[in-house]
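Peer 1: Chain residues, written in single-letter form:
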Amino acid sequence: MKLKNTQIPHELRQTVPPGFRLEQRGDFEYLIVESIFCRHGHNLLVNSVKIHGEPAIKLHVKIGKSEGVIFVDAFWGSHAKLYSFLPEEVTPTTSVEAFCPVCGTSLMEEYTCREPECDSTRGIVLYLPGDGNTVHVCARLNCPGHHLNIIDVPDAVINTISAINYFGVGAFELFGE
Amino acid sequence: MNYVKIAADECKGCRVCVSVCPHHCLMIGTQINALGYQHAVFHGFDTCTACGLCFFSCPEPGAITVFADEKEAPHE
Ligand code: SF4
Ligand code: SF4
Ligand SMILES: [Zn+2]
Ligand SMILES: [Zn+2]
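In the order they appear, the protein sequences are chains A and B.
One rule links them: number in the numbering used here = place in the first sequence (from 1) + 708.
One rule links them: number in the numbering used here = place in the second sequence (from 1) + 1385.
These are calculated hints, taken from the structure and not from any lab test.
Every residue, glycine too, gets a C-beta built ideally from N, C-alpha and C.
Incorrect hints may appear among the rest.
[Claimed, not checked] Chain B stretches covered by chain A per the calculated footprint, using a threshold of three residues with CB under 8 Å from any CB of chain A: (1) 1393-1404; (2) 1421-1432.
[Unchecked claim] Computed cross-link-like contacts, PhoX-like style, restricted to lysine-lysine with a CA-CA straight-line distance of at most 25 Å: (3) K770/A - K1397/B; (4) K1397/B - K758/A; (5) K1456/B - K1390/B; (6) K770/A - K758/A; (7) K758/A - K789/A; (8) K773/A - K789/A; (9) K1456/B - K789/A; (10) K789/A - K770/A; (11) K773/A - K1397/B; (12) K789/A - K1390/B.
Full structure from sequences and hints, please.
Peer 2: Now the structure itself:
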């Protein structure tokens, strides 16, 4: 699991999916989530906490025996985050349970993870603008699996975006600032 | 063998990895890194299963690298 920095594929410049924007930082382009909601339409992006200079996605989560709030980087594929608590009593099959921090509704759904070594059947579902557009994230704590479902965007583009999983090394190195 | 490398200067000493590791392979050390934090250290050469929980839980991508089924211990 070495660091990698995935280039944004060329075809994406023509078809940026709803809820995202493409932004140049340093030598790289990044897909940034700019609208994301719970199933009841509550905005999950918060201005009060910024990661890499952008509003973070706020979720209420239960992990193992602990629960609290996490803030997730809005940069697509980044795994940077902030915790309000220390996850305890975790095992390799522990799944995250996520809730809307505004209305408390569960964000969990059935989901068949596509990662080869993961047999998880639970996922976190987040809603993008437009009917039926969603992001699914595998609930297994040690799995990077995630997938976009976007009506009206070609499958090839969706699959390319879904495959993006880069691991930045902090704002300075990541963005060359 | 399995082991984890901590990039000391990327770590902010938050203890999340210490808390999630089921085999208690990680601890906060006494050294202070370039950011002024006491960073995590790995001491689980006999017990790490390379499960990746520390890697996926760490809020600073780049602080942790997991090595699975390596023939030799790392040369430091
Ligand atoms: S890979 Fe798993 S067992 Fe090894 S240090 Fe990380 S959490 Fe512990
Ligand atoms: S989780 Fe990451 S940042 Fe926090 S102490 Fe462990 S290595 Fe350091
Ligand atoms: Zn809600
Ligand atoms: Zn998975």
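Peer 1: Would you mind marking each hint as holding or not holding in the structure?
Peer 2: Each hint, compared with the structure:
{"no.": "1", "hint": "1393-1404", "in the structure": "holds (count 5)"}
{"no.": "2", "hint": "1421-1432", "in the structure": "violated (count 0)"}
{"no.": "3", "hint": "K770/A - K1397/B", "in the structure": "23 Å, holds"}
{"no.": "4", "hint": "K1397/B - K758/A", "in the structure": "17 Å, holds"}
{"no.": "5", "hint": "K1456/B - K1390/B", "in the structure": "15 Å, holds"}
{"no.": "6", "hint": "K770/A - K758/A", "in the structure": "22 Å, holds"}
{"no.": "7", "hint": "K758/A - K789/A", "in the structure": "10 Å, holds"}
{"no.": "8", "hint": "K773/A - K789/A", "in the structure": "19 Å, holds"}
{"no.": "9", "hint": "K1456/B - K789/A", "in the structure": "33 Å, violated"}
{"no.": "10", "hint": "K789/A - K770/A", "in the structure": "15 Å, holds"}
{"no.": "11", "hint": "K773/A - K1397/B", "in the structure": "23 Å, holds"}
{"no.": "12", "hint": "K789/A - K1390/B", "in the structure": "20 Å, holds"}
In terms of the numbered hints stated before, the structure departs from hints 2 and 9, listed from lowest to highest.
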